[in-house]
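Residue numbers (this note's numbering), protein chains in the order written: chain A, 519 to 729; chain B, 3 to 224.
Rather than coming from a laboratory, the hints here were simulated on the basis of the structure. Quantities reported herein were computed from a predicted structural model and do not represent experimental measurements. Worth double-checking, as some hints may not be accurate.
Stated by the list, open to error - Some chain A residues well away from chain B (every beta-carbon gap over 10 angstroms; in silico):
id : residue
1  : Trp597
2  : Val623
3  : Arg701
To be verified - Covered stretches of chain A (in silico footprint by chain B; criterion: 3 or more residues with CB under 8 angstroms from a CB of chain B, positions within the stretch not fixed):
id : stretch
4  : 602–608
5  : 684–698
What the hints assert, rightly or not - In the SDA-like style, the derived pairs of lysine to any residue whose C-alpha atoms are separated by at most 25 angstroms in a straight line are:
id : chain 1 : residue 1 : chain 2 : residue 2
6  : A       : Lys643    : A       : Leu710
7  : A       : Lys704    : B       : Ser191
8  : A       : Lys704    : B       : Thr189
9  : A       : Lys643    : A       : Ile695
10 : A       : Lys643    : B       : Gln185
11 : A       : Lys704    : A       : Phe640
By construction, the Cβ of each residue, glycine as well, lies at the ideal position given by its N, Cα and C atoms.
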Amino acid sequence: MIIGMFEGPGVRCTAKSLWVLAIGALACLAPETASAHLEDGALGGFQSGFTHPIIGVDHLLAMLAVGIWGAQMGGRNVWTLPVTFPLIMAAGGIIGISGIALPYVELSIALSVFVLGLAIGFAWKAPEWIALLLIAIFAIFHGYAHGVELPQAVDPASYSMGFVVATGAIHLVGIGIGLLLARPWKGQLSRLLGGAIALTGLYFAAGPILP
Amino acid sequence: MTRSRRGLYAVYIIAAIIVCSLAAGLWLSVPEDIADYVNNGLMLPVFRYGLLFALIAYGVILSGERNPVLLVANFAVFASTLWFGLQRAEYIVVTYESFVDLIIRFPVVTTAMGMIAGIALLFPVRARRWLLPIVSACYGLGLGLFVLLESPLDYYYDWFAFSGGLSGMAVIIASIALANGVQQICTRSSFAIAERIFGSWLIAASLLLAALAIAPQLIRPT
C-alpha cells in the first residue's frame with residue numbers, strides 16, 4: 519500500500535516502511551525512557567546524554583515538531599529540516615561549551631515549541647529558506663542549553679554522542695508521526711497535534727512571567 | 003532475484019565466512035595468558051561509541067553500492083589501508099604527536115571518521131560511488147590508527163591489533179547486511195531520509211567532539 523500524501527518529486531513511503539522507521543526509532547528510545555528520571559547530580563556518559571533531550575519536555579516537543587512539520591510540508595523538507603536541526607544544534611553546543619552567554623535561552627526554547635506548534639497547526643507551507651532559518655535559530659538555543667552542561671559531564675564525548683543520537687531518533691519519530699497523521703481526515707489530526715504543541719509552548723513561555 | 007543481488011549475497015556470505023574463520027583461528031591459536039588482550043581487541047568497537055557509530059555508518063554507505071565488484075574493490079581498499087595503518091601507524095602517530103596533545107588523540111581519529119562518513123551520507127547514493135574509495139581509504143587508516151592508540155603494550159600489540167581490526171570488519175559486514183535488510187522493507191526514499199538524518203547525527207556529534215578535543219581550553223573551569 520502506498521500512502522500517497524506526497525506526490526511528484528516528493529516522498530513515497532509504504533505503510534510498512536513507515537512502521538519500520540517508527541518502531542525502530544521508538545525502540546531506540548524505549549529502554550532509556552524507563553530510567554529517564556534517575557538523573558540527579560552529576561551528568562554521566564552516553565546514557566545521560568541520551569536521556570537529556572527525552573526528559574526535557576520542551577526539547578522533546580520541539581524536536582518532534584521539527585519532524586512533524588517537515589513531514590507535513592512534504593518533498594525535500596521531510597529531511598532538510600531534521601538534518602539542519604542537529605547540525606546547527608552542534609554549533610549552539612559549541613557556543614555553550616565555550617562559555618559565551620546567550621540571553622533568553624529558556625524563553626527561546628519555549629518560543630520554539632510555540633512557533634513550531636503553530637506552524638503545524640496552521641499547516642504553514644513556508645518557503646524552504648524561511649523554514650530552515652527558523653529551525654536554525656531555534657536549534658542554536660537548544661544546542662546551547664545542552665552545550666552549557668557538556669563540560670560538567672563525567673564523559674563529555676559520550677554525553678554529546680548520546681544527546682545527538684537521541685535528537686535524531688526523536689526527529690525520526692516526529693517524521694513517522696507526521697507521515698502517519700498526514701492522510702486521515704485530510705491531515706486534521708496532525709494540525710490538532712500542532713495546536714496542542716503550540717499551547718504547551720505557550721505554557722512554557724508564560725511560566726516565568728506568571729506568578 | 004536479480005543477478006547483481008545474487009552477487010551481493012555471495013559477497014556477504016563469503017565475507018562473513020572469512021571473518022568467522024579468522025576469528026575461530028584466532029581463538030584456537032591464542033595463548034591463554036594473553037586471551038584478555040584478544041578479548042579487549044574484539045570488544046574495542048563495542049565499547050567505543052564514536053568508533054561503533056562511525057563503523058556502522060561506513061557499513062551503511064557500502065550497502066548503497068549495488069555492484070558486487072565495486073563493493074569488493076572498496077572493501078579491499080579498506081582492508082589494505084587498515085593493514086597499512088596497523089603496520090605503519092606508529093610513524094603517523096609520532097608525526098601526529100608532535101602537533102597534537104596526547105590526551106586529545108583518541109577522539110580526533112573517531113571525529114574525523116564520523117565527519118567523513120556523515121558528509122558522505124548526506125550525498126545521494128549515486129554521488130557516493132565517487133567518494134567511496136576515499137572514504138574506504140580514510141576508514142582503513144583511521145581504524146588502524148585507533149587500534150594502535152588504544153593498544154595496551156608493545157609486546158601484545160599484534161594480537162590486539164589483529165582482533166581489533168577483525169571485530170571492526172565484523173561490525174562493518176554486519177552493518178552492510180543489516181542496512182540491506184532494512185532496505186528490503188523500506189522504500190528507497192524513506193531509507194534515504196533515515197540515512198541523511200544518521201549522517202547529520204554523525205556530523206553534529208563529530209563537531210562537538212572536535213570542540214571538546216581540539217579546544218579544551220574553551221571549557222570553563224567547573
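- Item | Unsatisfied constraints (hint numbers, rising) | Going through the list in order, the structure violates hints 1 and 10 and respects the others.
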